[in-house]
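Work the whole structure out from these sequences, hints included.
Protein chains: 2
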Amino acid sequence: MKKFAVVLSGSGVFDGAEIHEATLSLLAIAQAGAAYEIFAPDIQQHHVINHITGEEMNETRNVLIESARIARGKISPLSSFDATAFDALLFPGGFGAAKNLSTLAFEGANCSVNMDVKKAIKAMLSAKKPIGALCIAPAVVARVIQGVIVTIGQDKGTAEAIEAMGATHLNSDHGEVVEDSDNLVYTTPCYMLDATILDIYNGATNVVTAIMDSLK
Amino acid sequence: MKKFAVVLSGSGVFDGAEIHEATLSLLAIAQAGAAYEIFAPDIQQHHVINHITGEEMNETRNVLIESARIARGKISPLSSFDATAFDALLFPGGFGAAKNLSTLAFEGANCSVNMDVKKAIKAMLSAKKPIGALCIAPAVVARVIQGVIVTIGQDKGTAEAIEAMGATHLNSDHGEVVEDSDNLVYTTPCYMLDATILDIYNGATNVVTAIMDSLK
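If you're matching them up, the sequences are chains A and B in order. Under my numbering, the first residue of the first sequence is numbered 1, with each subsequent residue one higher. Under my numbering, the first residue of the second sequence is numbered 1, with each subsequent residue one higher.
Because the hints were derived from the structure by calculation, they are not lab data.
Identical copies look the same in the list; a pair holds intra-copy or inter-copy alike.
Derived lysine to aspartate or glutamate pairs resembling EDC-like cross-links, with alpha carbons at most 16 Å apart:
{"id": "1", "residue 1": "K74", "residue 2": "E55"}
{"id": "2", "residue 1": "K74", "residue 2": "D194"}
{"id": "3", "residue 1": "K3", "residue 2": "D82"}
{"id": "4", "residue 1": "K122", "residue 2": "D182"}
Structure, rendered in structure tokens:
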């Protein structure tokens, strides 16, 4: 049975992992007949956002502990990730990818990427194992893998930041997957477009299917 | 287009709405060609649980604000729910149903039910409109609708509490729906059994399908 490592960045679109993208990634993996384990970095969130008002709350939350809400408690610190134990690595989106896994939301093309995230991506790249990323997460992958080809949909500012990192951005529509077959990187826009939950299910399913096909 | 009201109870299985059940309910509704709006009571959570350790955290969180994480910000206080605007009412599970929507987790068969939850259920019952509930949430419905027939799976203690409320409990397996066609109440066990995310998707889909069939 093929095994995915899924990396979360909190729990909630505005300060963590996008919950629909995360949940539907897990569903897509299970429907493909594969298994998953869930990881997140054991760090403080950049901030906590009230998801009704969009305002910052005077609180601190931990990315690993909040991600455990999506994982129903079955989660490990990303520092313990071992690429030899997995066939694929998958990053759902949400602002957590741009605020907790990296500083993309604040520093754009010059952002730094969390050390454990960088290590996990590089380990999979070296092992020639596939990496999937949804929504804004492809920009984080682009910051780590020089010259990778990805999509985040059609957002001009983010696409320009990705190109400024030395990567190639291809525009895409709902559910479409951009495949970089040299680097084995599979990306899809999800909620970076004005999408419905049906589009997210299609996007997650299509990325997981492309990854499973690459493993045949 | 048929329209569901989905009632959440926070965001995270141990102190709020179960995230997979909530997300996959939304997916099932969209896949059935129906629309949804999301509601939650504007109250403090009973407590906040660290989802890795299971221990209580020294924090307070609001049920409506945390539910907004699953709803991506598009959510209304349950006090504003108007039964005339909807075709069906749906309660995903999670301990939030037993801790925030009611006091079931602490008082069993003698529990009280949040006023807005009670009002919403009674309004739908009076209007002869269907109500769905997953996981532990059927026990909350059983406390409001005298003599209703529901399932929460096979948990003996909870089944006995439901019977002690004057309701009827029928055992069920993964994905099965118990239909009470007099009261138009549709329930399925989801994570009240030792289930996978595939079972949750089946359970949510089967409840939504049964409700859609009842609306024909």
